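4 protein chains.
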Amino acid sequence: MYKVFMGENPGDTTGDIFDRLGLDKASMMAFSDGIFAIAITLLVLELRIPDIPSHDIDTVFLPTLVDIFPKILGFILSFFIIANFWLSYRRMFSFIPTLDRVLVRLHIVFLFFIVLMPFPTYLLGIYGNHLSVVVFYALILTMSSLLLFFLWKYASKNHRLIEPDLSEHVIEYMSVRNLITPVTFLVSIPIALVNPLLAMVSWSSMLVTFPLVKTRYKKKFAGTQDT
Amino acid sequence: MYKVFMGENPGDTTGDIFDRLGLDKASMMAFSDGIFAIAITLLVLELRIPDIPSHDIDTVFLPTLVDIFPKILGFILSFFIIANFWLSYRRMFSFIPTLDRVLVRLHIVFLFFIVLMPFPTYLLGIYGNHLSVVVFYALILTMSSLLLFFLWKYASKNHRLIEPDLSEHVIEYMSVRNLITPVTFLVSIPIALVNPLLAMVSWSSMLVTFPLVKTRYKKKFAGTQDT
Amino acid sequence: MYKVFMGENPGDTTGDIFDRLGLDKASMMAFSDGIFAIAITLLVLELRIPDIPSHDIDTVFLPTLVDIFPKILGFILSFFIIANFWLSYRRMFSFIPTLDRVLVRLHIVFLFFIVLMPFPTYLLGIYGNHLSVVVFYALILTMSSLLLFFLWKYASKNHRLIEPDLSEHVIEYMSVRNLITPVTFLVSIPIALVNPLLAMVSWSSMLVTFPLVKTRYKKKFAGTQDT
Amino acid sequence: MYKVFMGENPGDTTGDIFDRLGLDKASMMAFSDGIFAIAITLLVLELRIPDIPSHDIDTVFLPTLVDIFPKILGFILSFFIIANFWLSYRRMFSFIPTLDRVLVRLHIVFLFFIVLMPFPTYLLGIYGNHLSVVVFYALILTMSSLLLFFLWKYASKNHRLIEPDLSEHVIEYMSVRNLITPVTFLVSIPIALVNPLLAMVSWSSMLVTFPLVKTRYKKKFAGTQDT
Chain A
1 MYKVFMGENP
11 GDTTGDIFDR
21 LGLDKASMMA
31 FSDGIFAIAI
41 TLLVLELRIP
51 DIPSHDIDTV
61 FLPTLVDIFP
71 KILGFILSFF
81 IIANFWLSYR
91 RMFSFIPTLD
101 RVLVRLHIVF
111 LFFIVLMPFP
121 TYLLGIYGNH
131 LSVVVFYALI
141 LTMSSLLLFF
151 LWKYASKNHR
161 LIEPDLSEHV
171 IEYMSVRNLI
181 TPVTFLVSIP
191 IALVNPLLAM
201 VSWSSMLVTF
211 PLVKTRYKKK
221 FAGTQDT
Chain E
228 MYKVFMGENP
238 GDTTGDIFDR
248 LGLDKASMMA
258 FSDGIFAIAI
268 TLLVLELRIP
278 DIPSHDIDTV
288 FLPTLVDIFP
298 KILGFILSFF
308 IIANFWLSYR
318 RMFSFIPTLD
328 RVLVRLHIVF
338 LFFIVLMPFP
348 TYLLGIYGNH
358 LSVVVFYALI
368 LTMSSLLLFF
378 LWKYASKNHR
388 LIEPDLSEHV
398 IEYMSVRNLI
408 TPVTFLVSIP
418 IALVNPLLAM
428 VSWSSMLVTF
438 PLVKTRYKKK
448 FAGTQDT
Chain H
455 MYKVFMGENP
465 GDTTGDIFDR
475 LGLDKASMMA
485 FSDGIFAIAI
495 TLLVLELRIP
505 DIPSHDIDTV
515 FLPTLVDIFP
525 KILGFILSFF
535 IIANFWLSYR
545 RMFSFIPTLD
555 RVLVRLHIVF
565 LFFIVLMPFP
575 TYLLGIYGNH
585 LSVVVFYALI
595 LTMSSLLLFF
605 LWKYASKNHR
615 LIEPDLSEHV
625 IEYMSVRNLI
635 TPVTFLVSIP
645 IALVNPLLAM
655 VSWSSMLVTF
665 PLVKTRYKKK
675 FAGTQDT
Chain C
682 MYKVFMGENP
692 GDTTGDIFDR
702 LGLDKASMMA
712 FSDGIFAIAI
722 TLLVLELRIP
732 DIPSHDIDTV
742 FLPTLVDIFP
752 KILGFILSFF
762 IIANFWLSYR
772 RMFSFIPTLD
782 RVLVRLHIVF
792 LFFIVLMPFP
802 TYLLGIYGNH
812 LSVVVFYALI
822 LTMSSLLLFF
832 LWKYASKNHR
842 LIEPDLSEHV
852 IEYMSVRNLI
862 TPVTFLVSIP
872 IALVNPLLAM
882 VSWSSMLVTF
892 PLVKTRYKKK
902 FAGTQDT
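Residue numbers (the working numbering), protein chains in the order written: chain A, 1 to 227; chain E, 228 to 454; chain H, 455 to 681; chain C, 682 to 908.
Be aware that one or more of the hints could be misleading.
To be verified - Restricting the straight-line Cα-Cα distance to at most 20 Å, the calculated cross-link-like pairs of lysine to aspartate or glutamate (EDC-like) are:
| no. | chain 1 | residue 1 | chain 2 | residue 2 |
| --- | --- | --- | --- | --- |
| 1 | C | Lys901 | C | Asp846 |
| 2 | C | Lys706 | H | Asp478 |
| 3 | E | Lys447 | C | Asp700 |
| 4 | A | Lys214 | E | Glu395 |
| 5 | C | Lys900 | C | Glu844 |
| 6 | H | Lys668 | A | Glu172 |
| 7 | H | Lys673 | H | Glu617 |
| 8 | C | Lys900 | H | Asp478 |
| 9 | H | Lys674 | A | Asp19 |
| 10 | H | Lys607 | H | Glu626 |
| 11 | A | Lys218 | E | Asp246 |
| 12 | H | Lys607 | H | Glu622 |
| 13 | H | Lys607 | H | Asp554 |
| 14 | A | Lys153 | A | Glu168 |
| 15 | E | Lys441 | C | Glu853 |
| 16 | E | Lys445 | C | Asp700 |
| 17 | E | Lys446 | E | Glu395 |
| 18 | C | Lys834 | C | Asp846 |
| 19 | E | Lys445 | C | Asp781 |
| 20 | E | Lys445 | E | Asp392 |
| 21 | A | Lys219 | E | Asp246 |
| 22 | A | Lys214 | A | Glu172 |
| 23 | A | Lys214 | E | Asp246 |
| 24 | H | Lys672 | A | Asp100 |
| 25 | A | Lys220 | E | Asp246 |
| 26 | H | Lys668 | A | Asp19 |
| 27 | A | Lys220 | A | Asp165 |
| 28 | H | Lys672 | A | Asp19 |
| 29 | C | Lys895 | H | Asp554 |
| 30 | A | Lys218 | E | Glu395 |
| 31 | A | Lys157 | A | Glu168 |
| 32 | C | Lys899 | H | Asp473 |
| 33 | C | Lys834 | C | Glu849 |
| 34 | C | Lys895 | H | Glu622 |
| 35 | H | Lys611 | H | Glu626 |
Everything labelled a hint here was simulated from the structure, so no lab data went into it.
Small disclaimer: the values here were computed from a predicted structure and weren't measured.
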């Protein structure tokens with residue numbers, strides 16, 4: 001057999017040198033972590049107040065903070081959404097020990113939507129609870145969270161890239177978990193047609209649905225432990 | 228017993244797969260370090276001078292630097308405050324070998340205030356020693372440093388996440404140390420009501436209180452070594 | 455013989471202490487990854503819409519997105535180009551286990567063009583398919599991809615920095631692969647003289663040429679396996 | 682003896698828990714690398730052209746690039762200066778296996794000047810070769826490079842933090858090397874008083890002095906090998 005140089009990367013398990021990724025999981029994740037960290041920190045650049053004469057600042061400071069409240073809210077919202085994406089992403093990849101070419105490409109598309117995040121945040125910050133920007137924000141969030149869902153579907157299909165003995169319950173739980181965010185944002189779009197503010201409030205339902213789904217699956221899991 | 232895949236993450240010690248973090252301490256800290264590094268570097272973007280015709284620059288350069296002195300001071304102040312937060316944060320986590328779900332959440336909230344830092348810095352840079360912006364700056368700093376204090380309280384309570392044999396003296400010392408910053412900024416708020424400049428000067432008291440507390444605890448520690 | 459301190463860096467294999475790099479491959483790549491991650495994330499800062507009165511936003515939101523379509527297209531284009539540069543760069547260095555002084559210098563110049571990327575992207579975003587900005591964009595891309603090509607040429611020449619037993623087929627394949635991008639962008643410059651939009655369309659030819667070259671080399675490689 | 686928890690950090694060799702850094706060399710350098718990478722990438726945000734009507738862009742594109750030539754030159758200059766600082770910094774620390782409290786503090790001050798770099802670059806980009814901005818740029822560069830020199834002096838004094846058997850020649854070579862940059866920028870300040878452009882040209886002398894110093898020390902080193 002022809003000698004094939006396999007490189008020092010542990011994640012590089014392909015036998016075909018022309019299909020090699022030359023990319024291990026740790027490097028892919030370090031790159032992603034960097035992008036997450038930068039995107040989440042750039043959000044603060046949107047926090048600006050209008051020009052105010054210096055001698056007036058003490059009088060108008062609080063009203064000004066109230067005026068830019070949509071910006072502050074958008075900042076807080078996007079910060080915690082990106083932070084939770086990062087946690088979900090990390091949790092998911094703790095089940096995926098290897099990469100392949102398709103997963104890397106899906107990954108890049110997922111990162112595209114993370115990098116994009118400051119744009120809908122900036123729109124939401126300026127135009128607050130108007131239909132068009134709320135729908136746009138919800139659409140971008142639907143897309144990014146759907147990509148996380150697809151990443152999991154691709155990796156877990158027939159145990160393609162996950163551990164062979166990972167239980168079907170966990171696979172199903174992760175799938176359902178990864179559907180909560182896209183479904184919540186998608187459902188909020190028709191709600192926004194009625195009332196954009198209500199749509200934004202509906203996003204907070206995730207504070208309830210995530211623990212609910214976990215509790216449900218813990219019970220289901222407990223039941224199968226006996227068999 | 229049902230087979231549970233535990234992942235490659237060393238910090239993942241939970242037995243319950245539905246509660247798993249999928250996040251080790253090293254990754255959490257690398258992510259935080261990235262956010263610290265970005266937030267501290269973005270501060271420089273505030274350093275701008277007003278438009279000056281090119282042929283006048285040599286005449287007005289020094290007066291212009293004096294004009295933007297609050298910006299320069301705000302930049303220096305926030306740079307060294309964030310750098311010291313980073314050092315305190317690193318020191319604290321050198322005592323905490325593991326993570327749990329609550330610590331990660333507190334961590335994310337702490338990072339929120341680090342990411343926010345360029346905003347009060349920008350306000351301080353424009354409006355200098357006015358009551359409202361000084362109080363706002365002090366409030367944000369109180370919040371971020373309190374979170375570091377709560378992180379330690381949570382981790383050290385009943386040796387929850389710290390080494391079982393870490394001495395009570397060290398735990399107490401770290402608690403007191405982590406109270407210096409929030410107390411200093413909180414106390415500066417009533418001072419700002421009298422004189423905002425005095426409040427800013429009062430922050431420098433930390434250059435004395437930190438070494439004082441250390442000396443005091445070194446003595447206390449030395450006394451107990453004999454028992 | 456004089457005692458020479460070799461340092462802890464594994465990539466530091468020089469025997470002459472005055473020529474030492476003090477830089478291992480992992481650190482060089484981590485630094486580059488950081489620059490890639492920041493440059494790719496900064497692109498989003500160009501996505502801005504003109505000032506629109508708040509009450510008009512729902513009416514003009516879609517037409518505004520259409521108006522800034524060159525910005526959006528430039529953002530998407532540069533995001534995926536930088537991401538693919540990163541993948542190519544990672545793949546290439548998976549074949550290069552060590553660094554030397556020249557490779558580090560070439561590396562720095564390559565990073566210069568990565569850091570520069572947001573500038574032609576910003577121009578393309580504002581002026582869309584005008585001859586001058588399309589040619590400028592193509593020139594910068596030609597330069598950055600040529601540097602990746604030169605990096606490979608330098609490292610692979612006489613197996614200078616690559617594994618001694620890496621096959622000539624792989625070396626040739628990597629050379630040809632690394633020529634696709636510069637040739638595509640260079641050829642698009644005369645096309646832009648005829649029609650700038652056509653030049654931009656011509657860049658998409660890489661979606662075909664990359665798989666074609668791979669298939670061709672896979673066949674060539676398969677043929678030599680018997681000898 | 683009282684039990685002292687030493688933490689997992691390899692760089693943490695202090696016996697006194699109250700003086701512990703909780704910071705290993707690798708983390709300090711990763712943090713610094715992040716700051717270097719961000720500061721060097723932020724430079725591109727200064728590359729902007731004035732507003733030009735879209736239909737005029739092809740006619741005025743080249744003249745516009747010429748107009749912003751100081752910005753482009755400032756970008757190139759600062760990029761390669763920061764990149765070389767990074768290489769010098771890495772080379773220096775490859776000789777320093779451990780940290781102490783003072784070195785960390787000097788390090789933080791050094792990072793302050795790296796973070797500051799985009800500010801003088803922005804001034805140089807707008808006002809080109811005017812006395813005040815050239816002197817300001819030279820002063821900041823003198824400060825940052827002097828800090829690198831002091832870092833080395835502190836670490837190498839009586840072999841405080843370097844390997845005990847590192848030769849005096851290498852120590853001296855590194856000291857002299859680290860003086861080239863501050864001396865070059867300091868000497869350029871009186872030159873700027875005569876002619877600011879000449880001062881900027883004088884900076885390029887480093888392209889000659891660095892290799893000269895290396896050659897000189899290589900000879901000196903070769904002479905002592907026999908003794």
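Hints, verified against the model:
1. A threshold of 20 Å between alpha carbons decides the hint, and for Lys901/C with Asp846/C the separation of about 18 Å falls inside it, so the pair holds.
2. This hinted pair checks out: Lys706/C and Asp478/H have alpha carbons roughly 15 Å apart, not beyond 20 Å.
3. Taking the CA atoms of Lys447/E and Asp700/C, the gap is near 15 Å; set against the 20 Å cutoff, the hint holds.
4. The hinted pair formed by Lys214/A and Glu395/E fails the criterion: a straight-line CA distance of about 37 Å is larger than 20 Å.
5. Among the hinted pairs, Lys900/C with Glu844/C is inconsistent with the structure: their alpha-carbon atoms are about 23 Å apart, more than 20 Å.
6. Between the alpha carbons of Lys668/H and Glu172/A the distance comes to roughly 37 Å, so the proposed pair goes past 20 Å and is violated.
7. Only pairs whose Cα atoms come within 20 Å are accepted, and Lys673/H paired with Glu617/H is rejected, the gap being roughly 23 Å.
8. A hinted pair counts as satisfied when its Cα atoms are at most 20 Å apart, and Lys900/C with Asp478/H does not qualify at roughly 26 Å.
9. Between Lys674/H and Asp19/A the alpha-carbon distance is near 15 Å, which keeps this suggested pair within the 20 Å criterion.
10. With a C-alpha separation of about 10 Å, the suggested pairing of Lys607/H with Glu626/H holds against the 20 Å cut-off.
11. Proximity of Lys218/A to Asp246/E is assessed by CA-CA distance (about 9 Å); at most 20 Å being required, the pair is judged to hold.
12. With a C-alpha separation of about 13 Å, the suggested pairing of Lys607/H with Glu622/H holds against the 20 Å cut-off.
13. With a C-alpha separation of about 14 Å, the suggested pair Lys607/H and Asp554/H falls inside the 20 Å cut-off, and the hint holds.
14. A threshold of 20 Å between alpha carbons decides the hint, and for Lys153/A with Glu168/A the separation of about 13 Å falls inside it, so the pair holds.
15. A threshold of 20 Å between alpha carbons decides the hint, and for Lys441/E with Glu853/C the separation of about 37 Å lies outside it, so the pair is violated.
16. Only pairs whose Cα atoms come within 20 Å are accepted, and Lys445/E paired with Asp700/C is accepted, the gap being roughly 9 Å.
17. Restraint check: the Cα-Cα separation between Lys446/E and Glu395/E comes to about 15 Å, which is no more than 20 Å; the hinted pair holds.
18. Our distance criterion of 20 Å between C-alpha atoms is met by Lys834/C and Asp846/C, whose separation comes to about 17 Å.
19. The straight-line distance between the Cα atoms of Lys445/E and Asp781/C is roughly 19 Å, inside the 20 Å bound, and the hint therefore holds.
20. For the suggested pair Lys445/E and Asp392/E, the alpha carbons sit about 19 Å apart, so the restraint of at most 20 Å is met.
21. A C-alpha spacing of about 13 Å is found between Lys219/A and Asp246/E, which places the hinted pair at or below 20 Å, so the restraint holds.
22. Simply put, Lys214/A and Glu172/A have alpha-carbon atoms about 11 Å apart, close enough for the 20 Å limit, and the pair holds.
23. Proximity of Lys214/A to Asp246/E is assessed by CA-CA distance (about 8 Å); at most 20 Å being required, the pair is judged to hold.
24. For the hint linking Lys672/H to Asp100/A, the alpha-carbon distance of about 18 Å falls within 20 Å, and the restraint holds.
25. Of the supplied pair hints, the one linking Lys220/A and Asp246/E holds, its CA atoms being roughly 14 Å apart against a limit of 20 Å.
26. A threshold of 20 Å between alpha carbons decides the hint, and for Lys668/H with Asp19/A the separation of about 8 Å falls inside it, so the pair holds.
27. About 18 Å separates the Cα atoms of Lys220/A and Asp165/A, which keeps this hinted pair within 20 Å; it holds.
28. For a cut-off of 20 Å, the pair hint linking Lys672/H to Asp19/A stands: about 9 Å separates their Cα positions.
29. Between the alpha carbons of Lys895/C and Asp554/H the distance comes to roughly 17 Å, so the proposed pair stays at or under 20 Å and holds.
30. With a C-alpha separation of about 37 Å, the suggested pair Lys218/A and Glu395/E falls outside the 20 Å cut-off, and the hint is violated.
31. Distance restraint check for Lys157/A and Glu168/A: the Cα-Cα separation of roughly 11 Å lies within the 20 Å cut-off, and the hinted pair is therefore satisfied.
32. With a C-alpha separation of about 9 Å, the suggested pair Lys899/C and Asp473/H falls inside the 20 Å cut-off, and the hint holds.
33. For the suggested pair Lys834/C and Glu849/C, the alpha carbons sit about 12 Å apart, so the restraint of at most 20 Å is met.
34. A distance of roughly 37 Å separates the Cα atoms of Lys895/C and Glu622/H; the hinted pair therefore is violated under the 20 Å criterion.
35. Taking the CA atoms of Lys611/H and Glu626/H, the gap is near 11 Å; set against the 20 Å cutoff, the hint holds.
Checked against the numbered hints above, the structure violates hints 4, 5, 6, 7, 8, 15, 30 and 34; every other hint is satisfied.
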